[in-house]
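Participant: Here are the chains, one letter per residue:
2 protein chains.
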Amino acid sequence: MSDKILVFGHQNPDSDAIGSSMSYSYLCNHRKFGQLNTEVVALGEPNEETQFVLDYFGVKAPRVIKRVQDEGVDTVILTDHNEFQQSAEDIAEVTIYGVVDHHRIANFQTASPLFMDVQPVGSASSIVYRQFVRDGVEIPRELAGLMLAGLISDTLLLKSPTTHPTDLPVADALAKIAGVDLQEFGLAMLKAGTNLASKDGDTLIDIDAKTFELNGSKVRVAQVNTVDIDEVLARRDELETAITNAIKANGYSDFVLMVTDILESNSEIIELGEHPELVEKAFHFELKDHHAFLAGAVSRKKQVVPQLTEAFEG
Amino acid sequence: MSDKILVFGHQNPDSDAIGSSMSYSYLCNHRKFGQLNTEVVALGEPNEETQFVLDYFGVKAPRVIKRVQDEGVDTVILTDHNEFQQSAEDIAEVTIYGVVDHHRIANFQTASPLFMDVQPVGSASSIVYRQFVRDGVEIPRELAGLMLAGLISDTLLLKSPTTHPTDLPVADALAKIAGVDLQEFGLAMLKAGTNLASKDGDTLIDIDAKTFELNGSKVRVAQVNTVDIDEVLARRDELETAITNAIKANGYSDFVLMVTDILESNSEIIELGEHPELVEKAFHFELKDHHAFLAGAVSRKKQVVPQLTEAFEG
Chain A
26 MSDKILVFGH QNPDSDAIGS SMSYSYLCNH RKFGQLNTEV VALGEPNEET
76 QFVLDYFGVK APRVIKRVQD EGVDTVILTD HNEFQQSAED IAEVTIYGVV
126 DHHRIANFQT ASPLFMDVQP VGSASSIVYR QFVRDGVEIP RELAGLMLAG
176 LISDTLLLKS PTTHPTDLPV ADALAKIAGV DLQEFGLAML KAGTNLASKD
226 GDTLIDIDAK TFELNGSKVR VAQVNTVDID EVLARRDELE TAITNAIKAN
276 GYSDFVLMVT DILESNSEII ELGEHPELVE KAFHFELKDH HAFLAGAVSR
326 KKQVVPQLTE AFEG
Chain B
26 MSDKILVFGH QNPDSDAIGS SMSYSYLCNH RKFGQLNTEV VALGEPNEET
76 QFVLDYFGVK APRVIKRVQD EGVDTVILTD HNEFQQSAED IAEVTIYGVV
126 DHHRIANFQT ASPLFMDVQP VGSASSIVYR QFVRDGVEIP RELAGLMLAG
176 LISDTLLLKS PTTHPTDLPV ADALAKIAGV DLQEFGLAML KAGTNLASKD
226 GDTLIDIDAK TFELNGSKVR VAQVNTVDID EVLARRDELE TAITNAIKAN
276 GYSDFVLMVT DILESNSEII ELGEHPELVE KAFHFELKDH HAFLAGAVSR
326 KKQVVPQLTE AFEG
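Chains A and B are the protein sequences, given in the same order.
Each residue of the first sequence is one higher than the one before, starting from 26 at the first, in the working numbering.
Each residue of the second sequence is one higher than the one before, starting from 26 at the first, in the working numbering.
Next up, chain A with everything else stripped away, as it sits in the complex:
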């Protein structure tokens, strides 16, 4: 085995998974103390939003891997995730050197002590930015842009309730280094990620989807962002067929899809599966034909997953 450490974000990588992993790998290789030999990789191809950002800054996406040990490596650093089912296929068999994350901790364990920098802030990139400052390492322009994209993507341009007060000066600082206008760049990248018309139902429900183990149930929670929610809801039959197929193929007990209006900050929820009554309990609403409107909800992490967890485990 090589002494190299692989750094990567979660499966179905979004802009924060890519931005935080690329930046953290660079930081580990360039800091004065505790320097490491790391390589950034990814557990999937970038989505359209992230590809827009990579193109904007002229950066190539990390190469895609599935299993760590196939790369001749046995040590990893995780960014933007910790739950094993969102990670590399053989994550339980390798050594986790460190974690930089801003999610809840679940389905995660190690045999030995490790580094964990977990903070309830808007993005994993926000945490990486602060480590750059702490370690006194200069941030290359393109990495500032990628971290900024991670923060904008996860907070829907700092409007999501997951936004932490400290994220605002971080966004300003990163925009300055990246040489972009925060609002203009932010809207352009978010819009690039909502080009849904050209995608089929199977693709739509997998753009940004994570699986959670809730009290023995395997719950898939997916999110689609749009600037035209009616356009997406006009395709409900196609979406529900895709969801039904995904449930059968992967053994999910439930599939919860958030269709999020990023301009108005609301979501339509579609639930298919075994526990509609628990989903109703979670959000204090009534599903009609598997659908319900969730006013003000834009954050899966803060406004959906904790509520589902409580309902399923309560």
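Treat the hints with care, as some may be off.
Copies of one chain are not kept apart here, so a pair can be met inside one copy or by any two copies together.
Straight line, CA to CA, 25 Å or less: simulated SDA-like cross-link-like pairs of lysine to any residue [stated by the list, open to error]: (1) K306 / V119; (2) K327 / A317; (3) K243 / H309; (4) K184 / G226; (5) K306 / T100; (6) K306 / D115; (7) K235 / Q110; (8) K327 / Y122; (9) K85 / F310; (10) K235 / Q134; (11) K243 / Q134; (12) K313 / Q328; (13) K91 / Y122; (14) K243 / E118; (15) K243 / D253; (16) K57 / L258; (17) K235 / T120; (18) K235 / A117; (19) K201 / A267; (20) K327 / D28; (21) K243 / A117.
These are computed hints drawn from the structure, not numbers from a lab.
With the hints as your guide, set chain B onto chain A.
Facilitator: Then chain B, alone, in the frame of chain A:
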């Protein structure tokens, strides 16, 4: 419920559990940004070593609690531990605001994002010390002494393999603020903790004991430090009776006792329970009459628990 946050270390608190929790509570209440309203408590009475340190610096031990919600509080910060079975009885029912720890992560999960500062260093107190420096908060003399005691206790005066290179300057800095000679104070406090002659077997095996869930087995791993290992081993019948009673009373599958010679840095292992063959596999030795010698082993965390974990889960 009050807006107060309780800060505490693990059950059977040792000097690092007490030192890190008292210091971290003080830091949270006194830092300029993100100030909190915290109270330090403990999940048990201090052991003799810790009581020596508290007396040395003229500090009272934190009051003892068992359940968080009995205190009218629903939010906590954990120091020096994360595994739920080492924490408050109702830990799974309350909100974990933050964790400062230097152990492996296991049997730990949260419903929401949180603060975690976990580092593979010699003590949780080492991490708290660095947060004081980062936040620019002056360290009171007695808290420097308590953090130093936590570091000395967990690393057996910086000789354990759990000692991190960065712990050495931390120890020097804390000794300076505390106004003590590192070696002299360290030996005095360690010796105060090895006054074993006056304790019965039941007490000895519970001085520093933690329970681990290993692949469905409930394994108790206890450690007794001594400067006279023969004196302890002369009491083997009494110890084995106490262990057998503890297994029956608590449903442990196995009880592993390390009797550690802190001057020579070796341990005698006593194993009673259902899986002696897994314990033999873990340490590549043969148990004779439930006993075996483990040369160079002084650290439960680094030289015993990972090996047991691998053997039980392999």
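Participant: Indicate, hint by hint, whether the structure satisfies it.
Facilitator: Results of checking the hints against the structure:
no.: 1; hint: K306 / V119; in the structure: between (38 Å within a copy, 20 Å between copies)
no.: 2; hint: K327 / A317; in the structure: within (18 Å within a copy, 51 Å between copies)
no.: 3; hint: K243 / H309; in the structure: within (21 Å within a copy, 39 Å between copies)
no.: 4; hint: K184 / G226; in the structure: neither (27 Å within a copy, 60 Å between copies)
no.: 5; hint: K306 / T100; in the structure: between (41 Å within a copy, 24 Å between copies)
no.: 6; hint: K306 / D115; in the structure: between (35 Å within a copy, 24 Å between copies)
no.: 7; hint: K235 / Q110; in the structure: within (9 Å within a copy, 29 Å between copies)
no.: 8; hint: K327 / Y122; in the structure: between (27 Å within a copy, 15 Å between copies)
no.: 9; hint: K85 / F310; in the structure: neither (44 Å within a copy, 51 Å between copies)
no.: 10; hint: K235 / Q134; in the structure: both (19 Å within a copy, 17 Å between copies)
no.: 11; hint: K243 / Q134; in the structure: both (19 Å within a copy, 17 Å between copies)
no.: 12; hint: K313 / Q328; in the structure: within (20 Å within a copy, 57 Å between copies)
no.: 13; hint: K91 / Y122; in the structure: within (18 Å within a copy, 33 Å between copies)
no.: 14; hint: K243 / E118; in the structure: both (22 Å within a copy, 22 Å between copies)
no.: 15; hint: K243 / D253; in the structure: neither (30 Å within a copy, 54 Å between copies)
no.: 16; hint: K57 / L258; in the structure: neither (52 Å within a copy, 48 Å between copies)
no.: 17; hint: K235 / T120; in the structure: both (23 Å within a copy, 23 Å between copies)
no.: 18; hint: K235 / A117; in the structure: both (18 Å within a copy, 24 Å between copies)
no.: 19; hint: K201 / A267; in the structure: neither (42 Å within a copy, 66 Å between copies)
no.: 20; hint: K327 / D28; in the structure: between (37 Å within a copy, 20 Å between copies)
no.: 21; hint: K243 / A117; in the structure: both (18 Å within a copy, 21 Å between copies)
Violated hints, listed in ascending order, are 4, 9, 15, 16, 19; each of the other numbered hints is respected by the structure.
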